[in-house]
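K.L.:
Listed here are the chains, written in short residue letters.
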Amino acid sequence: MLSASFFFLAAAEDGADAGKAIALALGIGLGSLGAGVGIGNIFGSMIQAVARQPELRGELQGIQWLGFALTEAVVFYGLIGGLLAFVLI
Amino acid sequence: MRRLLALLGAGYLLLPPLAFAAEDSGAEEFDPAHEWELKDWVPIHLGPLDLSINKAVAYLILATVVSCLLGVLLMRVRVGREPTRRQAIGEQIYEIAQVQIAEQGLPTKAIGRWFPYCASLLLFIWTINMLGFIPLPLSDETFEIAGIRLPTLAIFAATSTLSVTLALALMTWVFTHVEGIRANGAWGYFRSWIPDVPKLMLPFIVPLEVLGQFMRLISLSVRLYANMLAGHMLILTFIGLIFLTHWLVFPVSVLFGTVFYLFEVLIVVSIQAYIFAALSAIYIGSAIEPEH
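Chains as they are written, first to last, in our numbering: chain X, 1 to 89; chain S, 90 to 381.
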């Protein structure tokens with residue numbers, strides 16, 4: 001299934017494989033850029049909110065982790081899409 | 090007793106290299122993706138259905154047993170004046186399930202019916218994720234010592250296979266629609282998907298909203314699946330760098346492997362279980378009481 005090697009070192013033996021590996025890495029890297037900004041935003045806003053109203057910390061924490069996981073998952077959609085393209089094409 | 094168990098575990102970890110050194114089986118090509126090749130242990134084929142028991146199924150059975158035991162051990166305690174440690178942990182878990190998940194997502198009238206489902210989702214997914222990071226002798230690789238073939242210790246999470254997470258997500262998805270139709274009637278429920286927009290926009294909005302309902306299924310299952318897959322792949326890749334490049338990489342890869350392992354165990358495992366349960370509660374709650 002996923003038997004193709006994910007290692008760029010191993011993949012570089014073949015020109016086409018090397019190209020696919022670079023595309024996979026670039027795609028995931030660019031995808032994680034956006035998620036990085038998003039997660040930074042969430043925690044930044046959380047710090048501001050708690051600094052203004054420390055008594056709301058407990059309530060905000062649930063929302064914060066929800067937002068964190070929803071944002072973080074975006075990278076993994078990219079990863080799965082990239083891996084699918086890498087293995088299938 | 091605890092020390093003896095730790096010693097036995099460490100001994101078991103040391104056995105395979107010794108056995109492999111004695112066997113001299115030659116250098117096998119290392120590929121982290123081998124972890125996800127599931128071999129049938131007990132083949133069961135019913136026509137086109139493949140119900141064979143493999144590594145993932147074994148982990149699922151184990152996780153079911155462990156989460157049942159956890160529930161019994163932590164919740165069924167004699168409540169005394171001085172709370173014991175067990176009681177404290179049990180109450181903590183219950184409070185997260187009640188306050189953070191059920192009361193946030195579900196309308197008040199539905200908490201009694203759907204709290205058990207969301208709480209067991211939380212406990213079960215947490216258990217199955219956690220078992221994935223404890224080295225257990227459930228692996229396809231074996232080694233031979235003193236004439237007995239034993240499986241090597243390995244880490245593998247059943248939630249890093251798509252079928253497991255898709256089954257969990259399908260349950261939530263089906264329950265959402267069943268509850269929505271039961272509470273609002275079929276017409277009222279499907280009407281509640283469509284927001285108030287001008288009539289001209291309807292041909293564009295309706296397909297999008299229907300597609301959105303199916304995207305929930307995909308996003309719910311792929312989120313958990315991809316998180317666990319990526320976590321395991323990262324750890325295995327950093328360990329694998331030792332075999333693929335040079336033995337001098339050893340300290341770096343051990344450092345990074347440990348860091349990612351701790352990150353996964355301390356944060357990702359609990360967060361993903363919480364997210365899955367919370368989103369299930371929100372979906373079911375919003376189907377029972379649509380916002381408009």
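Please note that the accuracy of each hint is not assured.
As the list claims (entries may be wrong) - Partial selection, computed: residues in chain S whose CB lies under 8 Å from chain X: (1) T173; (2) Q176; (3) A177; (4) I178; (5) Q181; (6) V311; (7) R312; (8) I360; (9) A367.
To be verified - Facing chain X, from chain S, some residues (calculated, C-beta under 8 Å): (10) Q187; (11) Q189; (12) P196; (13) T197; (14) N316; (15) A319; (16) L323; (17) Y363.
What the hints assert, rightly or not - Label pairs and their in silico Cβ distance ranges: (18) X:L60 x S:S375: 15 to 23 Å; (19) S:P287 x X:G62: 34 to 42 Å; (20) X:G34 x S:R305: 36 to 44 Å; (21) X:A51 x S:L355: 18 to 26 Å; (22) X:G62 x S:R91: 21 to 29 Å; (23) X:G62 x S:R305: 16 to 24 Å; (24) X:G15 x S:E184: 51 to 59 Å; (25) X:E59 x S:S209: 22 to 30 Å; (26) S:V155 x X:G40: 32 to 40 Å; (27) S:R174 x X:G62: 20 to 28 Å; (28) X:A49 x S:R175: 31 to 39 Å.
Rather than coming from a laboratory, the hints here were simulated on the basis of the structure. Note that the structure is predicted; figures quoted are calculated from it, not measured. Don't be surprised by glycine CBs; every beta carbon is placed ideally from N, CA and C.
K.L.:
Compare the structure with each hint and give your call.
P.N.:
Hint check:
At its closest, the beta carbon of T173 of chain S sits 24 Å from a beta carbon of chain X; the interface hint therefore is violated under the 8 Å criterion. Annotation: Q176 of chain S was flagged as interfacial toward chain X, and the flag is violated, the nearest CB pair being 21 Å apart, outside 8 Å. Checking A177 of chain S against chain X: minimum C-beta separation of about 18 Å lies over 8 Å; hint violated. Violation of the interface hint for I178 of chain S is found here, the shortest Cβ-Cβ separation to chain X being roughly 19 Å, above the 8 Å cut-off.
About 13 Å separates the beta-carbon of Q181 of chain S from the nearest beta-carbon of chain X, more than 8 Å, and the hint is not met. For V311 of chain S, the interface hint holds, the least distance from its beta-carbon to any beta-carbon of chain X being 6 Å, beneath 8 Å. At a threshold of 8 Å, the smallest CB-CB gap from R312 of chain S to chain X is about 4 Å, leaving the interface hint in force. Against a cut-off of 8 Å between C-beta atoms, the interface hint on I360 of chain S holds, since the closest Cβ of chain X lies about 5 Å away.
A least Cβ separation of about 6 Å between A367 of chain S and chain X falls short of the 8 Å threshold, and the interface hint therefore holds. The criterion of a C-beta within 8 Å of any C-beta in chain X is not met by Q187 of chain S, whose closest approach is roughly 12 Å, and the hint is violated. For Q189 of chain S, the shortest C-beta to C-beta distance to chain X is roughly 5 Å, which falls under 8 Å, so the interface hint holds. A cut of 8 Å between beta carbons decides the hint on P196 of chain S: the least distance to chain X is about 17 Å, and the hint is violated.
Using the Cβ-Cβ criterion of 8 Å, the hint placing T197 of chain S at the interface with chain X is not satisfied: the shortest such distance is roughly 17 Å. The closest approach between the C-beta of N316 of chain S and any C-beta of chain X is roughly 6 Å, which is under the 8 Å cut-off, so the hint is satisfied. Below 8 Å, beta-carbon pairs count as interface contacts, and A319 of chain S has one with chain X at about 6 Å; its hint therefore holds. Interface hint status for L323 of chain S: violated, as the beta-carbon distance to the closest one in chain X is roughly 11 Å, over 8 Å.
A least Cβ separation of about 6 Å between Y363 of chain S and chain X falls short of the 8 Å threshold, and the interface hint therefore holds. Take L60 of chain X and S375 of chain S: their Cβ atoms lie about 21 Å apart, and the range 15 to 23 Å holds. Judged by the Cβ atoms, the range 34 to 42 Å given for P287 of chain S and G62 of chain X holds: they are separated by roughly 36 Å. The beta-carbon spacing between G34 of chain X and R305 of chain S, approximately 21 Å, falls outside the hinted interval of 36 to 44 Å.
As the Cβ distance of A51 of chain X to L355 of chain S is approximately 25 Å, the hint placing it in 18 to 26 Å holds. For the pair G62 of chain X and R91 of chain S, the supplied restraint of 21 to 29 Å is violated, since their beta-carbon distance comes to about 35 Å. Distance hint for G62 of chain X and R305 of chain S: a CB-CB separation of about 20 Å, consistent with the stated range 16 to 24 Å. Checked against the given bound of 51 to 59 Å, the beta carbons of G15 of chain X and E184 of chain S, roughly 57 Å apart, stay inside it.
The hint said 22 to 30 Å for the Cβ distance between E59 of chain X and S209 of chain S, and at roughly 24 Å that hint holds. For V155 of chain S paired with G40 of chain X, a C-beta distance near 36 Å keeps the hint of 32 to 40 Å intact. Hint check: R174 of chain S to G62 of chain X, Cβ distance near 25 Å, so the stated range 20 to 28 Å holds. Taking the beta carbon of each, A49 of chain X and R175 of chain S are about 35 Å apart, inside 31 to 39 Å as hinted.
Violated hints, listed in ascending order, are 1, 2, 3, 4, 5, 10, 12, 13, 16, 20, 22; each of the other numbered hints is respected by the structure.
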